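There are 4 protein chains.
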Amino acid sequence: MAKSKFEYVRDFEADDRCLPNCWVVVRLDGRGFHRFAEQHGFKKPNDDRALQLMNRSAQTVMEELEDIVIAYGQSDEFSFVFKKKSNWFKRRTSKFMTHVVSQFASSYVFYWKDYFQDQPLLYPPGFDGRVVLYPSDQNLKDYLSWRQADCHINNLYNTVFWTLVQRSSLTPEQAQKRLQGTLAGDKNEILFSEFNINYNNEPLIHRKGTVLIWQKVNHVTMKRIKIPKDPAEKEVEVTRTRSTVVLLHCDIIGDQFWEQYPEILSDDS
Amino acid sequence: MAKSKFEYVRDFEADDRCLPNCWVVVRLDGRGFHRFAEQHGFKKPNDDRALQLMNRSAQTVMEELEDIVIAYGQSDEFSFVFKKKSNWFKRRTSKFMTHVVSQFASSYVFYWKDYFQDQPLLYPPGFDGRVVLYPSDQNLKDYLSWRQADCHINNLYNTVFWTLVQRSSLTPEQAQKRLQGTLAGDKNEILFSEFNINYNNEPLIHRKGTVLIWQKVNHVTMKRIKIPKDPAEKEVEVTRTRSTVVLLHCDIIGDQFWEQYPEILSDDS
Amino acid sequence: MAKSKFEYVRDFEADDRCLPNCWVVVRLDGRGFHRFAEQHGFKKPNDDRALQLMNRSAQTVMEELEDIVIAYGQSDEFSFVFKKKSNWFKRRTSKFMTHVVSQFASSYVFYWKDYFQDQPLLYPPGFDGRVVLYPSDQNLKDYLSWRQADCHINNLYNTVFWTLVQRSSLTPEQAQKRLQGTLAGDKNEILFSEFNINYNNEPLIHRKGTVLIWQKVNHVTMKRIKIPKDPAEKEVEVTRTRSTVVLLHCDIIGDQFWEQYPEILSDDS
Amino acid sequence: MAKSKFEYVRDFEADDRCLPNCWVVVRLDGRGFHRFAEQHGFKKPNDDRALQLMNRSAQTVMEELEDIVIAYGQSDEFSFVFKKKSNWFKRRTSKFMTHVVSQFASSYVFYWKDYFQDQPLLYPPGFDGRVVLYPSDQNLKDYLSWRQADCHINNLYNTVFWTLVQRSSLTPEQAQKRLQGTLAGDKNEILFSEFNINYNNEPLIHRKGTVLIWQKVNHVTMKRIKIPKDPAEKEVEVTRTRSTVVLLHCDIIGDQFWEQYPEILSDDS
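Protein sequence lines correspond, in order, to chains D, V, F and X.
Note that the UniProt record's numbering gives residue 108 to position 108 of the first sequence, counting from 1, and the numbers run on in steps of one.
Note that the UniProt record's numbering gives residue 203 to position 203 of the second sequence, counting from 1, and the numbers run on in steps of one.
Note that the UniProt record's numbering gives residue 100 to position 100 of the third sequence, counting from 1, and the numbers run on in steps of one.
Note that the UniProt record's numbering gives residue 181 to position 181 of the fourth sequence, counting from 1, and the numbers run on in steps of one.
This is chain D alone, in the form it adopts within the complex (with noise of 0.2 Å):
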């Protein structure tokens, strides 16, 4: 057979093995989501749907793939973390990354209908990934809190931007001017003055996005055993524990959310 003659052709792939020792992260966005959105009827300036959707994919990579610690998501965009020791698939790039979106993207499509009953998906969306490096503890704890000030920054934008829009009959246009030039201060002035609200009491997940880790968890189940001697079978209570994934909606740029869940970024984990 000609095979042979045709397999020079392998030579041509590159190695693309991430440098060890360093935290893997691939983040992905939603390919045209602003379009997305609009087409699915997305609530403004947050559609918890579709939080809870992302969310739900997100977790299933998570416990499909192997080795991840830590993802964190906000709007359309979500980022997974490998563990700095991890050797799945050798560390190549091109496997950590397209496993990831290709898993999120088939469960977002399978888990639609638990999330938008009344809404029908239209068609099947992309997204993109990309896989970046970080050397030291500090530079991941550092890009985490980067996703999440951005977070913050364009949840805060949002939140006045469709008030004034929903609440005060102004055009896009109007608020987008009225918005101009204003710093957090500001912005948080506006939603109080004008319309009574204070953004703390804002849901968390909208102000902060989500933070998948894995938690122990104990599960108790109860179990018919039979006693020697005893015709009888009887019901006891089994406590077993297991990893799963929590999901939290915290701040996670201070020092106590590291504080209180050090084995995130240890060795072991």
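Wrong hints could be hidden among the right ones.
Copies of the same chain look alike in the list, so a pair counts if it works inside one copy or between any two.
Stated by the list, open to error - 25 Å max Cα-Cα, derived BS3-like pairs, lysine-lysine: (1) 90 with 43; (2) 229 with 187; (3) 177 with 187; (4) 216 with 177; (5) 5 with 85; (6) 187 with 5; (7) 83 with 5; (8) 83 with 216; (9) 5 with 90; (10) 177 with 5; (11) 113 with 83; (12) 43 with 113; (13) 85 with 216; (14) 44 with 177.
Rather than coming from a laboratory, the hints here were simulated on the basis of the structure.
Keep in mind the model is a prediction, meaning the values are calculated, not measured.
Go by the hints and put chains V, F and X onto chain D.
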């Protein structure tokens, strides 16, 4: 806002642009599709519903993304070829591969029910992908020939193997043993003399896989026009030429295919 | 011995193999050669000793390393082209560039005294280098054309500039101002009308730079032979054909050069 | 001028910036130094002139280039460590390695006559180089330990081997056979019991290699000053502190070295 303090982490992103003037090939593979096929009752050796779903997903990738001039698929893999001069997303490697695999994965779930009416999708499947560059037209043709030769080798083997299992009541182990060391001619002979099967009459989609290319197609539609001073509307035929993805199940190893479709390799494609 | 404990650090070395079937170009540049030229009394606008030393060093690189089919140099830079099919050191990028620059640098110091008899070398000079891949023959020809066009532009400018400074007693600032915004034709005109210099009669090595290629050359040597039954030895001429590096100062932008030396781009070179 | 037409070839240069916040190590090796050593009459197992010339060349590299905080050499190899935060030439991989090897190679030839007065340099030697990144301080220390452990292993072997050849009149083949399968303790025992050599008394430069670091050194110079209203000039001592490259031949595997010179790994270095 503390944004600027963290923004330095952006500098850790590597520039991963593909070398210009090379064919950019993205190949994707199903993750754990052996098990996936069993769990979803795929017919052996070939499940036409599964192949058609792969093709439908690949078609969506070609239509949604830019600059793909040809795609080739077989079994649970698909290769997409971006044109040499493509400058899509500045030729970033990560963009090419993540857009392809995410669009493919979401389409696979989205269109599942169109092909597997009686078989619900049990969980969202994953795919991996990679990018390979080919500098010359001959390298690219040899790459595609390599994949089609692989299709032939695997399909011939699988056809004999499953015929032995399904019609001779051999166990899989016995069938495997029977085929050990056999050449293509031996396998053809088993099929013909024992089961009266001429392998060359097997369906082309199984033997050759699927090729997707762009073709100009005439679309004839009726259009209502109004002629001035004539109170009645009239209907006329309007012919429009549009580029459409067409599916072929033909040989792409020989020269004939490339002579028939010279525009695929031309710079203007 | 504790060796094994540390040996894991080898895994941090990245595989940096060049894409197969591409021309591999290594270009080197003198580091801080403006200052180097001044300190070593280089003549302006061109110092023939310095150019010849560059050429001698480049010749050594071609002779010592493998698979270089053409080299082109001008001013304090030199480009070396490894053939497409080269598998020297498994095409490792780092090997290509470090062998070229180190051999060039050591040769530059080694041969200095052959060209600068009265001018001692004051300190060891540095060079930097890079690797660039070109997939097609046209890309490679355009690369070399780019460097020769650069040579022409710079040499025309420098010729007028230094003629103004040396023969019109303009200060460098005045000469620079005089030339601001002038086109090639203007510069030719200044040289001709003010200094009676026809730029086209300037030495080819200055206007075109230096091309190094391999040529078969006949070497005629005398050899003593002894004829049986004849007591006396006789001397006969023996002609041997050997590949030798030859230096040319010719145009490589037009087609003529490539038509005259088709073996440079041929796969067998 | 046709320049613009060709300038597109610049886009084929890849961006090869090193990941930030990692130690950048450039290691160089002599090319064909086995033969080079023989042709230049290097003493076996160690030629002090050759080692000193290597060290002199490495010192020049440290002084001429920027951001090198430590270098380590043995035999015909040398490693240079650029500080984590270095932004020299935007951290381009090619710049790091080509500047190091070219400066080393030209220095080697330039300073040759200072160490090999009676032995002319027969031809310009070559070196190859590579860049390796190390994310953590421990990784870097382990890298340097790996090289020093290698020095120890090779030097112990070579010391016994050449003692057997030079003082027992064994042929190289016989000496090699004698040493096959011996451990470090066996080799020490051969040296001590047969030749009365205590390996631990061998020169440190042979057993440990050479470490180059920056140290603040006081330079005391005399300066003439003139005191107002005093007609006579006076000479006073002036002490200046300057950073100088110093050579050490000490253990760098244990903690002591790093505790003694904490500034090497500090961010401010």
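### Task
Find the hints from earlier in the document that the structure breaks and name them by number, from lowest to highest.
1, 2, 4, 10 and 11
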